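Visitor: Assemble the complex: chain A is given as a structure, and chain B must be docked to it using the hints.
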Amino acid sequence: MTRPTDLVQGTLDLLIMRTIATEKLHGWAIAQRIQLLSNDVLQVNQGSLYPALQRLERQGWITADWGVSETNRRARFYRLTTAGRRRLEWERADWDRLSAAISLVMRTA
Amino acid sequence: MRIAHQIVALCRALFRSGRVDADLADEMRFHLERETEANIARGMPPDASRRAARLTFGSVDAAQEQSRDDRPGAGIREILRDVRFGVRLLGKSPVFGSTGIAIVALGIGAATAIFSVVYGVMLRPLPFREPERLVSIWLQRNLARNYPAAADALDLRQLHGVFEDVALFDNVNLNLVGDGEPQRLQGASVSPNLFSVLGVAAALGRTFAQDEDQPGRERVVLLSDALWRGRFAAERAAVGRQIRLNGSLRTIVGIMPPDFQYPSSAHQAWVPLVLKPGELTRQVTENYLVVARLDPHATLEQARRAAAALAKRLASTYGGNAGMTVDSMLDDAVRDVRPTLTLLLGAVLFLLIIACVNLSSLFGARAAARSGEFAVRLALGASRKRLIAQAIAEATPVLLLGGVLGVVAAKWAVRVFVAAAPAGLPRVESIALSAPVVAFSLTLLVLAGCAASIAPAIHAWGSDFTTITKEGGRSSTSGRRRSAARRVSVAAQIACALPLLVGATLLLQSAINVTRVDLGFSPERVATLSFEVSRSKHPSDQEVAAYYARLVEAVRAVPGVANASLVNRIPLVGGQTNPVHFENTTGTPQELTNVDTRTVTPEYFSTLGIRLVAGRGFTEHDDTDAPEVSIVDERVARVIWPASRQLASASANHRGGVADGSMSLVSSHMCGPPGWRAIRCGRSIGAQVYRSIGAIDSGRRIAWCWRCEARSNRDRRSLP
Numbered sequence: 001m002t003r004p005t006d007l008v009q010g011t012l013d014l015l016i017m018r019t020i021a022t023e024k025l026h027g028w029a030i031a032q033r034i035q036l037l038s039n040d041v042l043q044v045n046q047g048s049l050y051p052a053l054q055r056l057e058r059q060g061w062i063t064a065d066w067g068v069s070e071t072n073r074r075a076r077f078y079r080l081t082t083a084g085r086r087r088l089e090w091e092r093a094d095w096d097r098l099s100a101a102i103s104l105v106m107r108t109a
Numbered sequence: 001m002r003i004a005h006q007i008v009a010l011c012r013a014l015f016r017s018g019r020v021d022a023d024l025a026d027e028m029r030f031h032l033e034r035e036t037e038a039n040i041a042r043g044m045p046p047d048a049s050r051r052a053a054r055l056t057f058g059s060v061d062a063a064q065e066q067s068r069d070d071r072p073g074a075g076i077r078e079i080l081r082d083v084r085f086g087v088r089l090l091g092k093s094p095v096f097g098s099t100g101i102a103i104v105a106l107g108i109g110a111a112t113a114i115f116s117v118v119y120g121v122m123l124r125p126l127p128f129r130e131p132e133r134l135v136s137i138w139l140q141r142n143l144a145r146n147y148p149a150a151a152d153a154l155d156l157r158q159l160h161g162v163f164e165d166v167a168l169f170d171n172v173n174l175n176l177v178g179d180g181e182p183q184r185l186q187g188a189s190v191s192p193n194l195f196s197v198l199g200v201a202a203a204l205g206r207t208f209a210q211d212e213d214q215p216g217r218e219r220v221v222l223l224s225d226a227l228w229r230g231r232f233a234a235e236r237a238a239v240g241r242q243i244r245l246n247g248s249l250r251t252i253v254g255i256m257p258p259d260f261q262y263p264s265s266a267h268q269a270w271v272p273l274v275l276k277p278g279e280l281t282r283q284v285t286e287n288y289l290v291v292a293r294l295d296p297h298a299t300l301e302q303a304r305r306a307a308a309a310l311a312k313r314l315a316s317t318y319g320g321n322a323g324m325t326v327d328s329m330l331d332d333a334v335r336d337v338r339p340t341l342t343l344l345l346g347a348v349l350f351l352l353i354i355a356c357v358n359l360s361s362l363f364g365a366r367a368a369a370r371s372g373e374f375a376v377r378l379a380l381g382a383s384r385k386r387l388i389a390q391a392i393a394e395a396t397p398v399l400l401l402g403g404v405l406g407v408v409a410a411k412w413a414v415r416v417f418v419a420a421a422p423a424g425l426p427r428v429e430s431i432a433l434s435a436p437v438v439a440f441s442l443t444l445l446v447l448a449g450c451a452a453s454i455a456p457a458i459h460a461w462g463s464d465f466t467t468i469t470k471e472g473g474r475s476s477t478s479g480r481r482r483s484a485a486r487r488v489s490v491a492a493q494i495a496c497a498l499p500l501l502v503g504a505t506l507l508l509q510s511a512i513n514v515t516r517v518d519l520g521f522s523p524e525r526v527a528t529l530s531f532e533v534s535r536s537k538h539p540s541d542q543e544v545a546a547y548y549a550r551l552v553e554a555v556r557a558v559p560g561v562a563n564a565s566l567v568n569r570i571p572l573v574g575g576q577t578n579p580v581h582f583e584n585t586t587g588t589p590q591e592l593t594n595v596d597t598r599t600v601t602p603e604y605f606s607t608l609g610i611r612l613v614a615g616r617g618f619t620e621h622d623d624t625d626a627p628e629v630s631i632v633d634e635r636v637a638r639v640i641w642p643a644s645r646q647l648a649s650a651s652a653n654h655r656g657g658v659a660d661g662s663m664s665l666v667s668s669h670m671c672g673p674p675g676w677r678a679i680r681c682g683r684s685i686g687a688q689v690y691r692s693i694g695a696i697d698s699g700r701r702i703a704w705c706w707r708c709e710a711r712s713n714r715d716r717r718s719l720p
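Line by line, the protein sequences give chains A and B.
Just so we're aligned: 49 in my numbering is position 49 of the first sequence, and the numbers increase by one with no gaps anywhere.
Just so we're aligned: 171 in my numbering is position 171 of the second sequence, and the numbers increase by one with no gaps anywhere.
Chain A on its own, in the form it takes in the complex:
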């Protein structure tokens, strides 16, 4: 089993926003989805997931409603707001630039 990679500071927000960009998800599902999409490479520290969600919500980028989960229990579902969508675009562009720059350095150096 490979050691799960620590998330780069600040990228958790980006990942959360990306995962709920297409559909409403509750906290646990977000963590699962990130793990799944990254082929188990990225493992979300579940303890820090909720403070992050609250922070994003406070900034108005995501919003949450109570709903019923797939297991028929009360759960809080998060989705992206319009402001959040714009923010995600911006962060994604930023990320692309950063990762391209890093790979460039790695290749040439």
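In short, the hints are calculated from the structure, not lab data.
Computed from a predicted structure; not experimentally measured.
Don't take every hint at face value.
[Unchecked claim] EDC-like mimics (lysine to aspartate or glutamate), calculated; alpha carbons at most 20 Å apart, straight line:
| # | chain 1 | residue 1 | chain 2 | residue 2 |
| --- | --- | --- | --- | --- |
| 1 | A | Lys24 | B | Asp331 |
| 2 | B | Lys312 | B | Glu301 |
| 3 | A | Lys24 | B | Asp170 |
| 4 | B | Lys276 | B | Glu130 |
| 5 | A | Lys24 | B | Glu301 |
[What the hints assert, rightly or not] With the C-beta cut set under 7 Å, the calculated list includes, among others, these residues of chain A facing chain B:
| # | residue |
| --- | --- |
| 6 | Gly27 |
| 7 | Gln46 |
| 8 | Gly47 |
| 9 | Tyr50 |
| 10 | Arg55 |
| 11 | Arg58 |
| 12 | Gly60 |
| 13 | Phe77 |
| 14 | Ala93 |
| 15 | Arg97 |
Even glycine gets a Cβ: it sits at the ideal position worked out from N, Cα and C.
Guide: Below, chain B alone, put in the same frame as chain A:
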């Protein structure tokens, strides 16, 4: 949008924090259950599944706490918690609390009250348009300020580029007759441009047109808001109505706004000033007050230079040595009270410093008693910053309560002060607990807060668990340091209290001295009243003199009246300096220009109990047919004929001397312009005096009466 969102989040965090926490707990519980289920689905036994879920999640409490710290308003919540703690501490030690509150209330209250006065009188901008451009102009002869003449004002008006416009005015008494009780109004005779110079418009109607100072056009009047409400029931139709003032009809053209109180809050009516023809050519000089508006591009310095140059030109053309002073209108208005008020403010700041030092030692003592607690909390992981924040927060309830009490006390004190304000204090009407004053008090409160929390903060900073626990908080070094701090604070308090004590003693001493000042006359049991003489009824000077004689006789005949006499201005009121020429003098010309003069009937000196030093008093024979005679006071005699004690031989024109404090000259021809008259009488016979005067003059022109004694006490109070 973002901001609104954040405000909502802040409010939720502050006021619904329990709900937010419960929601989060719920959410995390669901997460754990879901994770456990997933583990079971992967084939793990239930117990292991639950444990694994917990392991992956980490500490629920830590997540909860982190999210709470992240939430907005975390700092505010912490402060509120500390303040609550402070209130609880206050409840536990009521003596400590009430002492602290009393100190703060006293300091803030006194400082706020005095600052209200200082701000209202000295600092608050005048209620005119761009008041910083308004200046007052005086003639300056040596150290004395004299009133400029109309021609001076008109010459100043020619200084284009320095003064935008120059206005002049004089105070007049206006008798309003008709439509009810006759009323004597305090009025001002003003050049029509006064209102544009001040930048004030009428509330109703209009102010004066520029040509309404021309003879024939001057039959107009402006009324104060108070008079309009009092006498004309605030009818809009009052504008355009005609009223009879000093015997002539004038049309009311406008009502001034309620806050227009110029030259004083007592002024009720304004009429256009019509200059006499001789005034423009300087053949006749009347005294005026001159105010001007500086040109937008001119500075006060430029105006001073230009006015000085003009004064020099005038002096070389017409002789004399008068200079001109230009001062900002506000400075001019408060010139006489500025030193007193500054002193008062200084005293109250000393008081405030004492209060702060007291507060500091009070809180310091409590912090010393709690140093063990500080040490334990530090040992348990509280940060020093946190302890200091708590020290500040704990002082807050004391400060807030004391501050509120202080401001309430100040509001009350200001009301009492305004009601009993010494005569001669300008701008009393603008003294109030205004916004800048409250801002000042808040600043002081912050200062007091720093004073209160600095000692506990130092304690918190210096707390050390090992020292405290080892030596029970009484380590020799810190004990020495603390007693040194105590000594410094005691020294500071004494240093601040000493000037206050000395100042208060001096003040008391001068107050005692003032009551002992020899006024030169005895104000006891003297009543005064004033009246006007109708020149239309008594056109010649002889007729006026005969009228006066009848009036004095009538008043003297009232039972209880010991004596009665007339004077054009009662003692201690106003000043009238006429150029006086003395023969065979040794004094310098300047000394002779500022002689206060009065005109009296023969009995004046005995009525007021003024002692005659040499020569004779006036008699019935010193009338208009006799050679003119005068009486000077001792000071004039000393200045003008210092070598001679024989006043009678010094000049044929001077027959006696009286003991009096001010330079004064009294002449006997009581037929000049009407003015103030003094009547010596008992206390309860005013009504009878009114009736007997009314019998000879239909009673219409008597204005008011007050006891001279009370008045002189009031004036004594206002002496510097």
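Visitor: Under 7 Å, Cβ to Cβ, is where Arg97 (chain A) needs to be relative to chain B, so tell me if that hint holds or is violated.
Guide: Status violated, d = 24 Å.
Visitor: Minimum Cβ distance from Gly47 (chain A) to chain B below 7 Å?
Guide: Result: holds, 3 Å to nearest chain B Cβ.
Visitor: Are Gln46 (chain A) and chain B close enough, Cβ to Cβ, to be under 7 Å, as the hint says?
Guide: With a closest approach of 4 Å, the Gln46 (chain A) hint holds.
Visitor: Is the interface hint satisfied for Arg55 (chain A)? The criterion is a beta-carbon contact with chain B at less than 7 Å.
Guide: The hint holds - Arg55 (chain A) has a Cβ within 7 Å of chain B, the shortest such distance being about 6 Å.
Visitor: Minimum Cβ distance from Gly60 (chain A) to chain B below 7 Å?
Guide: Gly60 (chain A) check passes; min Cβ-Cβ to chain B is 4 Å, inside 7 Å.
Visitor: Against chain B, with CB atoms and a cut of 7 Å, does the hint on Gly27 (chain A) hold up?
Guide: With a closest approach of 5 Å, the Gly27 (chain A) hint holds.
Visitor: Is the hint on Tyr50 (chain A) kept, meaning its closest Cβ partner in chain B is under 7 Å away?
Guide: It holds, given that the least Cβ distance between Tyr50 (chain A) and chain B is near 5 Å, below 7 Å.
Visitor: Would the pair Lys24 (chain A) and Asp170 (chain B) pass a check requiring their Cα atoms to be no farther apart than 20 Å?
Guide: 84 Å, violated
Visitor: Regarding the pair Lys276 (chain B) and Glu130 (chain B), is the alpha-carbon distance no greater than 20 Å?
Guide: Judged against 20 Å, a Cα distance of about 32 Å means the pair is violated.
Visitor: Answer holds if the nearest beta-carbon of chain B is closer than 7 Å to that of Phe77 (chain A); otherwise answer violated.
Guide: With a closest approach of 10 Å, the Phe77 (chain A) hint is violated.
Visitor: Please work out if Lys24 (chain A) and Asp331 (chain B) have their alpha carbons no farther apart than 20 Å.
Guide: 72 Å, violated
Visitor: Please check whether Ala93 (chain A) passes as an interface residue: C-beta within 7 Å of a C-beta belonging to chain B.
Guide: With Cβ-Cβ at 20 Å, over 7 Å, it is violated.
Checked against the numbered hints above, the structure breaks hints 1, 3, 4, 5, 13, 14 and 15 and satisfies the rest.
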